[in-house]
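There are 4 protein chains.
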Amino acid sequence: MYAQSLDGFPDVRVRAVCDLNHQAAQKVADEFGLAPFTDHRTMLEQTELDAVIVATPDFAHREAAVDAAASGAHLLIEKPLATTAEDCAAISDAVQRAGVQCMVGFENRWNPAIRRIHDLSASGELGDVLTQNILLSNTYYVPTTMIPWAAKSSPAWFLMSHTVDAAVWVADKRVTSVFASGSRGRLAELGVDTWDVVHALLAFDDGTTANLTSTWVLPDSSPSVVDFQYKAVGTKSAVDVDLQDHGIRHAGEAYKWPGLLGGEIDGRLQGPPTWMVQSFVSRLNAGEPVGPGLDQGVLVTDIVLAVLESLRTGEVTPINRRPAG
Amino acid sequence: MYAQSLDGFPDVRVRAVCDLNHQAAQKVADEFGLAPFTDHRTMLEQTELDAVIVATPDFAHREAAVDAAASGAHLLIEKPLATTAEDCAAISDAVQRAGVQCMVGFENRWNPAIRRIHDLSASGELGDVLTQNILLSNTYYVPTTMIPWAAKSSPAWFLMSHTVDAAVWVADKRVTSVFASGSRGRLAELGVDTWDVVHALLAFDDGTTANLTSTWVLPDSSPSVVDFQYKAVGTKSAVDVDLQDHGIRHAGEAYKWPGLLGGEIDGRLQGPPTWMVQSFVSRLNAGEPVGPGLDQGVLVTDIVLAVLESLRTGEVTPINRRPAG
Amino acid sequence: MYAQSLDGFPDVRVRAVCDLNHQAAQKVADEFGLAPFTDHRTMLEQTELDAVIVATPDFAHREAAVDAAASGAHLLIEKPLATTAEDCAAISDAVQRAGVQCMVGFENRWNPAIRRIHDLSASGELGDVLTQNILLSNTYYVPTTMIPWAAKSSPAWFLMSHTVDAAVWVADKRVTSVFASGSRGRLAELGVDTWDVVHALLAFDDGTTANLTSTWVLPDSSPSVVDFQYKAVGTKSAVDVDLQDHGIRHAGEAYKWPGLLGGEIDGRLQGPPTWMVQSFVSRLNAGEPVGPGLDQGVLVTDIVLAVLESLRTGEVTPINRRPAG
Amino acid sequence: MYAQSLDGFPDVRVRAVCDLNHQAAQKVADEFGLAPFTDHRTMLEQTELDAVIVATPDFAHREAAVDAAASGAHLLIEKPLATTAEDCAAISDAVQRAGVQCMVGFENRWNPAIRRIHDLSASGELGDVLTQNILLSNTYYVPTTMIPWAAKSSPAWFLMSHTVDAAVWVADKRVTSVFASGSRGRLAELGVDTWDVVHALLAFDDGTTANLTSTWVLPDSSPSVVDFQYKAVGTKSAVDVDLQDHGIRHAGEAYKWPGLLGGEIDGRLQGPPTWMVQSFVSRLNAGEPVGPGLDQGVLVTDIVLAVLESLRTGEVTPINRRPAG
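Protein chains in written order, with UniProt numbering: chain A, 1 to 325; chain B, 1 to 325; chain C, 1 to 325; chain D, 1 to 325.
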């Protein structure tokens with residue numbers, strides 16, 4: 001998808017693809033004329049790369065990111081940056097030592113609906129943001145079929161890393177503590193031993209709040225694989241967003257919402273992840289800072305770790321880190 | 001509204017109305033041919049009443065309820081039953097001593113949408129209810145204009161008493177603890193010193209959860225005075241309900257959702273509170289138990305008190321009471 | 001359904017049921033304690049009836065209606081009144097000769113959404129109604145499974161009789177001509193030889209319009225058996241109504257909108273047809289005129305006949321009749 | 001907007017802008033570094049242009065288009081191509097004589113929702129398209145404030161040219177006749193003497209239909225300046241699209257739907273008209289045919305002319321032209 005997004009984009013050439021699975025690498029290589037690799041170190045040694053996109057599973061970013069940074073390549077790392085504080089520190093160290101740029105792929109920053117909420121806040125139209133209710137959930141399809149490593153992840157890592165980032169970006173305040181609750185058992189019965197449901201209440205430094213919910217147990221008869229609802233209430237106005245029901249409803253084999261974003265428009269891929277990777281390239285070429293950056297990536301991982309700790313302890317977990325710019 | 005709901009209903013006669021404000025009492029009395037009173041004890045002494053509806057402000061139910069029960073009248077008390085544990089105990093004692101029936105007016109039990117959610121749960125179609133997200137909020141109009149006693153109430157009392165009742169009714173499980181967060185300051189600036197926003201995470205005895213939010217700070221440009229969203233996810237299916245957008249949108253002076261329920265249909269009032277009071281009367285006449293009853297009323301008050309305690313302490317508050325049948 | 005709607009309703013007793021199918025008659029008779037008949041003349045002779053409800057298929061109202069009127073019974077006849085001008089005339093004659101009252105069962109008059117549109121018009125809030133777009137369609141289920149006599153009916157008779165009535169009621173203007181277009185072939189392939197799609201443009205005497213569409217070819221994966229959309233634009237305001245999506249969405253075996261109206265609320269049936277038959281009874285008991293009456297029934301049949309004539313000729317068909325009061 | 005859309009786009013340079021109003025031309029020229037002109041012939045003589053975008057009012061395309069074609073420039077002409085058959089012929093002649101390419105700016109071809117409907121049809125997922133109901137209307141703001149030349153246009157030209165194009169593109173069938181109705185008077189009272197409401201029933205050569213409505217009399221309190229609803233029913237599936245309610249609702253000064261498409265994403269303009277003009281440029285650069293082309297432009301103008309003729313005569317108007325490829 002990234003290769004396709006950059007195909008024909010000005011002033012960039014995609015050179016290589018690396019996948020532990022040789023066939024997967026070869027397939028992408030053939031389609032876009034790239035060099036295929038199964039070992040990222042070999043790729044970094046044999047190819048001159050200005051930038052590398054790290055798109056391994058959530059928990060497996062560290063090695064590729066550290067090595068790519070050490071080779072002098074700028075980084076685009078998919079969200080979450082990492083799933084342990086140690087991995088975050090290792091990646092941060094490598095990036096700072098190499099003096100490269102690092103963007104964390106919070107692709108919802110390029111989702112027009114999320115941008116709209118952010119812009120309403122940043123422009124002052126919302127006024128002071130008093131609270132946000134953000135629900136981002138998936139049907140069973142995602143943990144049981146789409147991602148093979150779901151048992152090593154959770155709605156907290158896979159989904160809440162998006163909504164934590166959005167809540168902080170929109171509120172533009174410092175998170176001071178987190179309380180979380182949730183349950184597990186249903187997915188475990190289906191062979192995926194992780195959380196079914198996670199709720200998290202974030203407290204900001206001015207006493208205001210955000211309320212996040214993510215589940216992985218929506219029925220597969222839902223009209224969309226994703227349910228994404230966002231309400232932000234400010235002192236001056238409020239915004240209420242259904243990020244999945246874009247008004248297109250197709251009654252075919254089943255009743256589905258195909259969505260308005262993504263896909264090709266007249267042969268050119270469009271949509272949030274496409275616009276994100278194009279921004280990464282344009283800004284590098286222009287010598288501009290890319291973002292959201294490491295600080296935000298580390299902050300979001302810290303908060304998700306606090307969510308998981310609160311789930312375990314049943315108590316409020318403080319957050320000490322300062323927010324990203 | 002209750003008088004109108006019972007006007008022409010079989011086998012019932014509304015006899016008297018009591019309001020501290022004489023003019024208000026007289027107006028209703030004139031419209032429906034009732035005897036007007038400004039003191040409830042005088043009314044109870046001078047009128048033979050089989051049943052009394054207590055519709056005073058939330059915090060002022062006790063005296064009227066206790067005296068009416070003592071007079072031998074069955075009771076319909078608006079929700080919440082009371083706002084202190086002491087008032088709950090006093091009303092409970094009076095009801096038990098008098099051997100009368102007591103219904104607590106959780107009118108959403110007669111809201112077809114809430115009933116539908118409940119029936120999907122009770123029939124087994126939802127399967128085990130894994131979580132519920134219930135948001136019930138109002139525009140500024142309610143705390144600043146509609147109810148003069150808003151500073152003595154809060155989104156927790158006025159709104160969450162509805163959603164706590166619904167969450168427990170739908171889940172049919174025992175609440176073991178509550179964690180709440182929220183903020184205040186915006187309404188205080190407007191002269192109503194109470195909570196702007198309240199979030200509450202309920203934990204049930206099987207480890208599952210419910211997530212409740214109520215705010216009193218929605219913009220008055222909202223298409224409805226009430227925002228009421230309900231999601232319940234079960235192991236077998238899920239239901240997602242917008243209780244305010246019934247598909248009727250009127251672009252007049254402003255853009256409004258007039259709603260589908262309530263109002264007169266061919267001269268006869270219909271809607272949840274009407275059906276509730278008619279149920280109260282029909283069941284009393286049939287010698288059947290009325291409900292939801294005292295136990296549920298006391299439970300909901302206990303949980304809202306725990307929400308307020310958690311708001312104050314910042315800690316998880318346990319709930320010890322057993323659920324109502 | 002009518003028997004259930006009147007069960008326990010004050011001052012009415014349902015006495016008898018007649019169905020050509022003896023088992024069907026017996027079943028209803030057993031459930032509600034009625035006398036069962038298979039011949040309506042026998043029923044009319046052997047039972048003293050103040051009023052009769054005619055609920056035969058659309059094209060088979062005449063004989064029952066004429067005989068019941070001749071017996072001195074008031075009539076509630078399901079819409080459309082009849083499907084030929086001759087049947088309309090015969091029923092009208094019988095009713096006038098007998099001096100009984102006749103209500104035509106346009107049940108949408110008791111649908112809160114349609115009433116809302118009408119009330120916005122009647123109260124002047126819409127201003128002069130400039131145009132209406134009304135779409136009322138069904139999934140294949142209705143013509144292929146639900147009604148065995150679909151090939152003798154059409155979207156024009158089964159659906160547009162509702163929307164023609166509503167358009168005239170809301171606009172409160174005289175229809176002067178109709179142009180219709182449509183297509184057939186798809187249902188014929190499925191063994192039901194009737195129109196798939198019917199569009200009708202009504203012209204009112206002041207030059208304003210209404211645009212009606214009804215189809216019987218919506219996919220069965222649709223979230224509701226009925227699709228009903230209503231837009232009315234007036235000089236002062238406009239109203240846009242989705243009559244099927246009441247905000248309740250259930251993701252079960254399939255994704256469905258269960259709807260907010262109808263069904264039992266605490267053991268008592270509620271909803272448009274229930275309220276309609278209760279109005280019929282209440283008004284007869286009160287000595288008040290029932291309605292909508294014969295004039296409106298005849299007018300709607302005239303307009304639907306003109307729709308079918310226009311479909312056949314491809315030309316504009318004039319309407320000469322005056323509107324009902 | 002076109003200048004901004006091409007700013008930074010590869011392999012294109014915007015050179016000049018022409019506007020009868022010198023200040024308007026100068027403003028755009030300053031912003032994007034262009035040469036400003038007030039006379040298009042002067043611009044064509046003094047500037048070497050590979051392509052010209054004609055964005056004059058609907059009725060004023062001919063002169064600029066003919067002259068630009070004669071100068072050897074490829075054309076992008078905003079829809080409708082022209083508002084008379086003579087203008088269509090003149091532009092067609094000029095284009096053919098010059099051997100240039102001509103694209104007609106039916107920008108909805110780049111609207112993801114319309115594309116989705118088209119793709120569902122073209123891929124066979126809809127099956128044979130049995131009917132389409134397309135409603136595209138504006139609030140009063142458009143005819144009374146936004147476009148100064150509204151009295152010379154109408155909902156038929158300004159809005160239905162979009163929906164006629166879409167209906168034909170999606171159905172991929174030949175239109176054989178049109179019947180239209182509508183009314184005027186309300187806008188005339190406001191000083192804009194044109195049609196308030198236009199309905200058009202299109203008949204295709206296989207007997208199937210499309211039903212189009214456009215009005216210019218929606219209240220300004222509507223949540224969007226545009227109301228755009230599209231239903232297409234095929235033999236295999238159906239699609240129901242609300243093109244304006246993208247799920248983003250902002251309760252600010254008024255209640256509005258800001259929409260999901262358009263606007264800048266990270267400094268780069270996105271949205272249908274942007275993607276359209278970028279397609280025009282990319283295809284010209286690649287030596288590929290641009291489209292939709294002259295044939296479609298002429299066809300749509302023919303059909304809108306037939307709509308207006310039917311409005312005048314009250315009769316069905318035949319269409320003789322063959323459809324575009």
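Incorrect hints may have been included.
Straight-line alpha carbon distances no greater than 30 Å define the calculated DSS-like cross-link-like pairs of lysine-lysine that follow [said to hold, decoys possible]: (1) Lys173(B) / Lys236(B); (2) Lys173(B) / Lys152(C); (3) Lys236(B) / Lys152(A).
Please keep in mind that the hints were generated in silico from the structure rather than gathered at the bench.
Here is what the structure says about each hint:
Annotation: proposed proximity of Lys173(B) to Lys236(B) holds, straight-line Cα distance about 17 Å (limit 30 Å). Distance hint between Lys173(B) and Lys152(C) is unfulfilled; the C-alpha atoms sit about 53 Å from each other, more than 30 Å. Of the supplied pair hints, the one linking Lys236(B) and Lys152(A) holds, its CA atoms being roughly 24 Å apart against a limit of 30 Å.
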